[in-house]
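Going line by line, the protein sequences match chains A and B. Count along the first sequence from 1, then add 120; that gives the number in my numbering. Count along the second sequence from 1, then add 159; that gives the number in my numbering.
Since the hints were made in silico from the structure, they are not lab data. Just so you know, even glycine gets a beta-carbon here, dropped at the ideal spot from N, CA and C. Among the hints, a few may not be true.
Unchecked claim - Only some residues are given here: those of chain B computed to face chain A with a beta carbon under 10 Å:
1. Gly-271
2. Ala-317
3. Ala-319
4. Ala-471
5. Gly-542
Take a look at the letters that make up each chain.
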Amino acid sequence: MTPPAPTPDPLGDDPNDPMALPLPPDSLLLEDAGPIGCAADRPRLVMQVLRQQMAELGLNLSLQEAAASPANRGWSGGDGLVFLLQGFRVQLVCAPFWADELLLPAAPWRQPGQSPQLLLGAWVEEESGVVRLPGVLTAAELLDRCAGFPHGQAPRTLPLTAFLGGLERLFQLVRLLSPEALTPLLTPALPSLQTPLPTLRTAAAALVVMRDWLEGQLGEALAALGAELLPATAGAFRSAAVQPRSAALATVSIPLGLVLGRIQCGPGRSGASERFQLILQLCGEGDGTEWLQVWLEPDLPGDLLPQRLALSVGDQVIDTGLDGSSEPLSLTVPAGNDGIGISLRHGGGSQIELPFLYFFRADLAQGEADHAQGESGHV
Amino acid sequence: MGASPDIPYHQFRTLVAAPRSARAIAIGSRPSPLAATALERRGLTGLAPSTPRDRYLFEAGGADDDRGALLCLRCRVSHAAEQRIEALYRQFGSSHQLDLIDMAATVLDDQGAPLPWPQADQPPAGHRPFALEVIESFRPELAGLGQWTRVRVQSHGALAQLLREHGLLLIRDWALLAHSSPTRMERAWRSHGQAALDLTSVRRLHQSFRRHYSQAMADLVSRRRRWEPNIAFLERLDPAVAADVTRRRLQALASALRRERLDPLTAPKQEYLEAELAPGDGAGADGHAPPPERIGLLERTLRRALAQQLPAMLAATGAEAALRACLWRHYALGLRQREISEACGCCQAKVSRRLQPSAHAGVIATTALTQLAGQEGFEAVGGCLKATETQVAALRDYLLGCPVATDRPRLALWLAPLLAAIPPVPPLSP
Numbered sequence: 121m122t123p124p125a126p127t128p129d130p131l132g133d134d135p136n137d138p139m140a141l142p143l144p145p146d147s148l149l150l151e152d153a154g155p156i157g158c159a160a161d162r163p164r165l166v167m168q169v170l171r172q173q174m175a176e177l178g179l180n181l182s183l184q185e186a187a188a189s190p191a192n193r194g195w196s197g198g199d200g201l202v203f204l205l206q207g208f209r210v211q212l213v214c215a216p217f218w219a220d221e222l223l224l225p226a227a228p229w230r231q232p233g234q235s236p237q238l239l240l241g242a243w244v245e246e247e248s249g250v251v252r253l254p255g256v257l258t259a260a261e262l263l264d265r266c267a268g269f270p271h272g273q274a275p276r277t278l279p280l281t282a283f284l285g286g287l288e289r290l291f292q293l294v295r296l297l298s299p300e301a302l303t304p305l306l307t308p309a310l311p312s313l314q315t316p317l318p319t320l321r322t323a324a325a326a327l328v329v330m331r332d333w334l335e336g337q338l339g340e341a342l343a344a345l346g347a348e349l350l351p352a353t354a355g356a357f358r359s360a361a362v363q364p365r366s367a368a369l370a371t372v373s374i375p376l377g378l379v380l381g382r383i384q385c386g387p388g389r390s391g392a393s394e395r396f397q398l399i400l401q402l403c404g405e406g407d408g409t410e411w412l413q414v415w416l417e418p419d420l421p422g423d424l425l426p427q428r429l430a431l432s433v434g435d436q437v438i439d440t441g442l443d444g445s446s447e448p449l450s451l452t453v454p455a456g457n458d459g460i461g462i463s464l465r466h467g468g469g470s471q472i473e474l475p476f477l478y479f480f481r482a483d484l485a486q487g488e489a490d491h492a493q494g495e496s497g498h499v
Numbered sequence: 160m161g162a163s164p165d166i167p168y169h170q171f172r173t174l175v176a177a178p179r180s181a182r183a184i185a186i187g188s189r190p191s192p193l194a195a196t197a198l199e200r201r202g203l204t205g206l207a208p209s210t211p212r213d214r215y216l217f218e219a220g221g222a223d224d225d226r227g228a229l230l231c232l233r234c235r236v237s238h239a240a241e242q243r244i245e246a247l248y249r250q251f252g253s254s255h256q257l258d259l260i261d262m263a264a265t266v267l268d269d270q271g272a273p274l275p276w277p278q279a280d281q282p283p284a285g286h287r288p289f290a291l292e293v294i295e296s297f298r299p300e301l302a303g304l305g306q307w308t309r310v311r312v313q314s315h316g317a318l319a320q321l322l323r324e325h326g327l328l329l330i331r332d333w334a335l336l337a338h339s340s341p342t343r344m345e346r347a348w349r350s351h352g353q354a355a356l357d358l359t360s361v362r363r364l365h366q367s368f369r370r371h372y373s374q375a376m377a378d379l380v381s382r383r384r385r386w387e388p389n390i391a392f393l394e395r396l397d398p399a400v401a402a403d404v405t406r407r408r409l410q411a412l413a414s415a416l417r418r419e420r421l422d423p424l425t426a427p428k429q430e431y432l433e434a435e436l437a438p439g440d441g442a443g444a445d446g447h448a449p450p451p452e453r454i455g456l457l458e459r460t461l462r463r464a465l466a467q468q469l470p471a472m473l474a475a476t477g478a479e480a481a482l483r484a485c486l487w488r489h490y491a492l493g494l495r496q497r498e499i500s501e502a503c504g505c506c507q508a509k510v511s512r513r514l515q516p517s518a519h520a521g522v523i524a525t526t527a528l529t530q531l532a533g534q535e536g537f538e539a540v541g542g543c544l545k546a547t548e549t550q551v552a553a554l555r556d557y558l559l560g561c562p563v564a565t566d567r568p569r570l571a572l573w574l575a576p577l578l579a580a581i582p583p584v585p586p587l588s589p
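The task is simple: from the sequences and hints, build the whole structure.
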């Protein structure tokens, strides 16, 4: 039997087809990759590379892997894990080597007080034992990139090009910064006046009740930040852009400044090249309506507020953008039972947080609730 | 008179003695009289290799346990394998300092000894040539032997390891297809695709592959062998098309993706090996040198940190210790990576991996900054992210920069006397 004559192949084999590609410069080879890996091995391979590179560079850093990390409780991990490096919580997320972006899980970032401080992206070729580590993102940088993260249902992705500085950046940050210098996305859970008393009592030292200002009591927490009580309508003399309400009851000013990109208050402000004031004004009408007006303004009229300053009051956020602002930043919060979290963040990562502000004291709030419901109760 | 077209069926391509060559061996031909006889017996003398003829030899020869037919196929594989490694060598040999003989040794290792047909239930005894592995796994219903050889070369562990050492990643089609985005696939096909397949068909096939590949990976119980699509998988991708045609199409898609990644116009600029700094780079945080009154403090601190880092830079055992000492010694002389590789007898990729001057400079700069933190001008270190990173970068750049009127980085200049004070590491005897 003779075989049939060959037929032309429209998709003929290309003898010059490139079968290999150069390794990207931020790739690391596993010295001892072991047998052929699979997708589930990616986090393990990255941790192996991490240890390998630490040994190569002679770095003796404390590394606590996923199994022992309390941050991993309640999270299955998927294609990644959370680990502790020199006390910093780092989320590792892995992607296939040839993918252009990775999928960012939100679960670890929703844990109040335990959310990661750094995000390490890794692209892994598990069959060949090659790991590409383009860099890390801080929680603040992640939020800059993914507004609203970790809230919302839609999955988030990040391209390889979003990561900065390679593995070297991770090592530099954990060796030079204190863990407190990198604020995670979520601050500790917000205590509410609706919670049982033991929680309120233990949280009392960190709470500020604004009605105390009417009696000239600022509170230690605010005083420690260099805050001072001002005449109620003091804001009228500073800025024409923010018209203090005629119903101003009390005004607190917190002098702030930027020193080498870091927000400073109190005596630390003395070396600041850019100075500004955070003003808290408790307002009220005769009908019992109350609200808090918060604004940020430069020390001197006509000055600009620094660029990349973001003022957060509860769920509201307002910022000065990349060009700074000639107008003050202003937000208003109506009275309620929940505490108000106020923070000021600078683009470089520096952040200052005020103690939670409450309109009412707990017993007053409960008393009003009891009166409204006609029930007797105790806290 | 031209060469006979049937040579690939009765001459092995393998390593042969070549006394005049630098290494006394070269890729050459070794005739197989048994293969020539088998060709004649089957009426294939003088005919060029083809997919139907490969299949005929495979099926008829296997059924008859014809060792001559097996030799024909082994010869065929050796020619196809040589084509593949020569293509790799043409593309990357110069830039990545590949040695063709080293590459050939991984896949052209068949000396033509008569061997039985491989049996799945009988483990091989003795050395098993690469060609025999190819034939054992051959699926003629999916591809010709030439294409099948290419697939096996792409999966060859020893070749992959060799290329990896030289900074190259041997890429199989399947992971590349599965993890490349539809956008990238379309871009690659527009630039590098073949006219035989239109873009709509490409999109559809790529999407189908990604969906079924994910399922196949999820269903895979053991992932300790490299996955290959079988007929059932290929038929699911496009039931209207024969499995071997779908496979060729997928290979064409993967080829376009690889070309797109290599294309300097469409791919992000890549510096394949660690970048060499130009003389005069990196004088300070803003491109300005530190103030003179600060230079003394900075240099003293950096030198102290370098001395602390030196043990890690040299740490290794056995032959590695001698190699590292050689690499750093030549780095301290101001040589570039290619010069260092020639002086120390290893490829540039290995020099880049073993030296990592930029990474070590980063560690040294960080160590120095921990010692400077809190001093005047370094108050923000540790508390402000931006200021901290700016200062680390400034110190690292200063370390990797060259003083005026020299072309050696400060790291190299300061390393030289430290290395001179260390007893030399003797090279291991061969």
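Classify the hint on Ala-319 (chain B) as holds or violated, based on whether any CB of chain A lies nearer than 10 Å to its CB. Hint on Ala-319 (chain B): holds, closest Cβ of chain A at ~6 Å, below 10 Å.
Closer than 10 Å between Cβ atoms is the bar; does Ala-471 (chain B) clear it against chain A? Give me holds or violated. 2 Å, holds
Would the hint on Ala-317 (chain B) be counted as holding, given a Cβ-Cβ threshold of 10 Å to chain A? With a minimum Cβ separation of about 13 Å from chain A (threshold 10 Å), the hint on Ala-317 (chain B) is violated.
Tell me if the interface restraint on Gly-271 (chain B) is satisfied: Cβ within less than 10 Å of some Cβ in chain A. 24 Å, violated
The hint names Gly-542 (chain B) as touching chain A; please verify it with the least Cβ-Cβ distance against 10 Å. Holds: closest Cβ of chain A sits about 6 Å from Gly-542 (chain B), inside 10 Å.
Checked against the numbered hints given earlier, this structure breaks hints 1, 2; the rest are met.
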